[in-house]
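Trainee: Sequences listed follow chains A and B, in order.
Just so you know, we're using my numbering here: the first sequence kicks off at 1 and counts up by one.
Just so you know, we're using my numbering here: the second sequence kicks off at 1 and counts up by one.
Hints were generated in silico from the structure; no laboratory data involved.
Incorrect hints may appear among the rest.
What the hints assert, rightly or not - With a Cα cut of at most 27 Å, we get these calculated DSS-like pairs of lysine-lysine:
hint: 1; chain 1: B; residue 1: K104; chain 2: B; residue 2: K141
hint: 2; chain 1: A; residue 1: K21; chain 2: B; residue 2: K115
hint: 3; chain 1: B; residue 1: K124; chain 2: A; residue 2: K21
hint: 4; chain 1: B; residue 1: K5; chain 2: B; residue 2: K140
hint: 5; chain 1: A; residue 1: K20; chain 2: B; residue 2: K124
hint: 6; chain 1: A; residue 1: K43; chain 2: A; residue 2: K124
hint: 7; chain 1: B; residue 1: K115; chain 2: B; residue 2: K128
hint: 8; chain 1: B; residue 1: K128; chain 2: B; residue 2: K138
hint: 9; chain 1: B; residue 1: K128; chain 2: A; residue 2: K21
hint: 10; chain 1: A; residue 1: K151; chain 2: A; residue 2: K194
hint: 11; chain 1: B; residue 1: K128; chain 2: B; residue 2: K141
hint: 12; chain 1: B; residue 1: K35; chain 2: B; residue 2: K5
Said to hold, decoys possible - Ranges of calculated distance between the beta carbons of each label pair, as one might list FRET restraints:
hint: 13; chain 1: B; residue 1: G50; chain 2: A; residue 2: Q99; range: 53 to 61 Å
hint: 14; chain 1: B; residue 1: I48; chain 2: A; residue 2: P10; range: 40 to 48 Å
hint: 15; chain 1: B; residue 1: P60; chain 2: A; residue 2: K124; range: 52 to 60 Å
hint: 16; chain 1: A; residue 1: E123; chain 2: B; residue 2: G125; range: 53 to 61 Å
Unchecked claim - Among the chain A residues that face chain B by a calculated CB cut under 7 Å, a handful are:
hint: 17; residue: M208
hint: 18; residue: R211
hint: 19; residue: N218
hint: 20; residue: S221
hint: 21; residue: V222
Quick reminder that beta carbons are idealized off the backbone N, C-alpha and C, glycines included.
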Amino acid sequence: MFVDLNIPWPAAGADSAELKKTIGLLVQFGYEGVAYNNIVEGKVAASKSNPIKPLRLGNGGEETSAQGALPSVISQSAPRGKLFHQLSRVTVIAEESNQNYQLNGNNANIASYDLVAIKPLNEKLLQQACQTFEVDIISLDMGTRLPFFLKPPTINLAIQRGIFFEISYGAAIRDTTARRHLITNAAALIRVTKGKNVIITSEAQRAMEVRGPYDVINLASVFSLNQALARNCISSNCRSLLYRAATRRETYRGVMLMEPSSVLGAIAAWKAGPTTTEETDDEKDEEGNNAMETD
Amino acid sequence: MVRFKNRYLLFEITWEDGVTDDSVDVRALSNTIRKSIEYNFGDYGAAIMGSGFSMKYYNPYTNVGIFRASRDHFRIAWTACTFITAIRGRSCIINVVHTAGTLKSVQTAAIERGKEILLDLHHKGLIKESRASELADKAKKDIMELDF
Chain A
1 MFVDLNIPWP
11 AAGADSAELK
21 KTIGLLVQFG
31 YEGVAYNNIV
41 EGKVAASKSN
51 PIKPLRLGNG
61 GEETSAQGAL
71 PSVISQSAPR
81 GKLFHQLSRV
91 TVIAEESNQN
101 YQLNGNNANI
111 ASYDLVAIKP
121 LNEKLLQQAC
131 QTFEVDIISL
141 DMGTRLPFFL
151 KPPTINLAIQ
161 RGIFFEISYG
171 AAIRDTTARR
181 HLITNAAALI
191 RVTKGKNVII
201 TSEAQRAMEV
211 RGPYDVINLA
221 SVFSLNQALA
231 RNCISSNCRS
241 LLYRAATRRE
251 TYRGVMLMEP
261 SSVLGAIAAW
271 KAGPTTTEET
281 DDEKDEEGNN
291 AMETD
Chain B
1 MVRFKNRYLL
11 FEITWEDGVT
21 DDSVDVRALS
31 NTIRKSIEYN
41 FGDYGAAIMG
51 SGFSMKYYNP
61 YTNVGIFRAS
71 RDHFRIAWTA
81 CTFITAIRGR
91 SCIINVVHTA
101 GTLKSVQTAA
111 IERGKEILLD
121 LHHKGLIKES
131 RASELADKAK
141 KDIMELDF
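Can you make the complete structure from the sequences, with help from the hints?
Mentor: Dropping the structure here:
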C-alpha cells in the first residue's frame, strides 16, 4: 500500500489539469493514496478555510482494466480495482521563532486538515517543533543546504513524541544542483534516525516529476537506506503517521474519543444498552459503555 | 567457479506527449542512460558499469524495454534511470516494473506486460483487436529471440 503524502495543491485560481494528470500517473504507478499539500507562510489565520477539495476521480480509481475504459477524469488505465484515498495537508513555513503559529487543536482551520506539517527554517524553530509544537510532520527543505545541523537529541525527542520527518525527492528530479543537496540532507537525516519515523514523498510540482514506488525505494538506497526500511518509508510509516494524525485530531489528549451512538450500525446497537425514553446527556456514551443505563 | 551474475530490469516509459512513434530506439535509450550514469555517478559510475550494462530490447508501441546490468551495481543504472527526465527531447518517466536474475524470467514478464498494455489500448478504443494481437505476437517473437 503505497501513498504519496505531498502533492502541492495548486494556488487559488490556477488550473487543476496538471493536478489531474499527476493523480492519473500516481494511480497508474500503483499508489493508493495521496495528500494534497497546501503550503502557507507564517501563521494560518483561523478564519481562512481549507481550500483543498478531493478531486472527482470518476471511474478511474475503482474500475479494473478488464471492465474496459469508461470515460473518466483519469484517462490512464487503473489496473487495480482499489479505492484511491485523497487527504488534505497543510505545511506551515515557519521562519520567526517568536511568532505564535497556533499549531494546536484550537485553530479550527488547522484542525480541518488531515495532516499538519511544519517547515522550520532555522535551528531554534526546529527545536521548538521537535519539543513543543503539535504537528505530524517536520519537513526540511531538501533542495538547499540546511542552515543547521541535525542533532540526535533533538531528533530523537521528536521521534519519541511520534513526529515524522519527510524527505521530498521532487527537487532532485527538477534541478540537478538540488540533487546534491537532497542526497546530503537525506543521508544526514537517515544517519540520525536510521529510517525510523521517516517518510518519503514526491512534492511534485509537475506531473512528470513523480516516480513509481519501486523507483523511489531504489532511490533511497542512494541515501544509504536499505530496501526494507525504504519500503516502509512509503508504506507502513505513512500508515502510522495517518493513524497518529487521526488520534491527534479526534481524541482528547490521545485518551478518549466521543461518538454519538448513531454511529453504531444495527448489528452493534446492543453496545449502547437499552434506550431510555428520556433524552439525557448520558445518551451520548462512548461505545460499549453500559454503566450509565438506568433500569 | 565464480559466475558473472546479472540483473535484467524490465521497464516502462511514460511519455508526456503520449505520442507513439519510432523516434526512440534501443540505441537512443542506451546513450541516454549511459549519459545519465556518467552525469550522476561520474567517472566511477561510468567505469564500474562498463561493459556490464547493455540495453537489450525496446518496443516503441508498448514502451516496454529490458536492460541488463551486473548484479553488484545494477542499482546505479536503476537510479540513473529514475533521474532521467527526457529522452531525445521528449519528456518522460522511466518506471522499472520487474527485476530478474535470468533472461527467461524477464522475458516472461515482458511478454505479459506487453500483452496487458496492448489489451488496455484496445479497450480504450485506440487500436483494433487484430492490430493488438498482431503487435503482441511480434513483441513475443522479438523478446523470445533475445539472447545473452
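Trainee: Against this structure, judge whether each hint is valid.
Mentor: Against the structure, the hints:
1. B/K104 / B/K141: Holds, at about 13 Å.
2. A/K21 / B/K115: holds (24 Å)
3. B/K124 / A/K21: The hint holds at about 17 Å.
4. B/K5 / B/K140: holds (25 Å)
5. A/K20 / B/K124: holds (19 Å)
6. A/K43 / A/K124: Satisfied, since the Cα-Cα distance of roughly 17 Å is no more than 27 Å.
7. B/K115 / B/K128: With a Cα-Cα distance of about 14 Å, the restraint between B/K115 and B/K128 holds, given a limit of 27 Å.
8. B/K128 / B/K138: holds (15 Å)
9. B/K128 / A/K21: holds (26 Å)
10. A/K151 / A/K194: holds (13 Å)
11. B/K128 / B/K141: holds (20 Å)
12. B/K35 / B/K5: holds (24 Å)
13. B/G50 / A/Q99: 53 to 61 Å: holds (55 Å)
14. B/I48 / A/P10: 40 to 48 Å: holds (42 Å)
15. B/P60 / A/K124: 52 to 60 Å: holds (55 Å)
16. A/E123 / B/G125: 53 to 61 Å: holds (58 Å)
17. M208: holds (5 Å)
18. R211: holds (6 Å)
19. N218: holds (5 Å)
20. S221: holds (5 Å)
21. V222: At 6 Å from the nearest chain B Cβ, A/V222 passes the 7 Å test, so the hint holds.
The structure agrees with every numbered hint stated previously.
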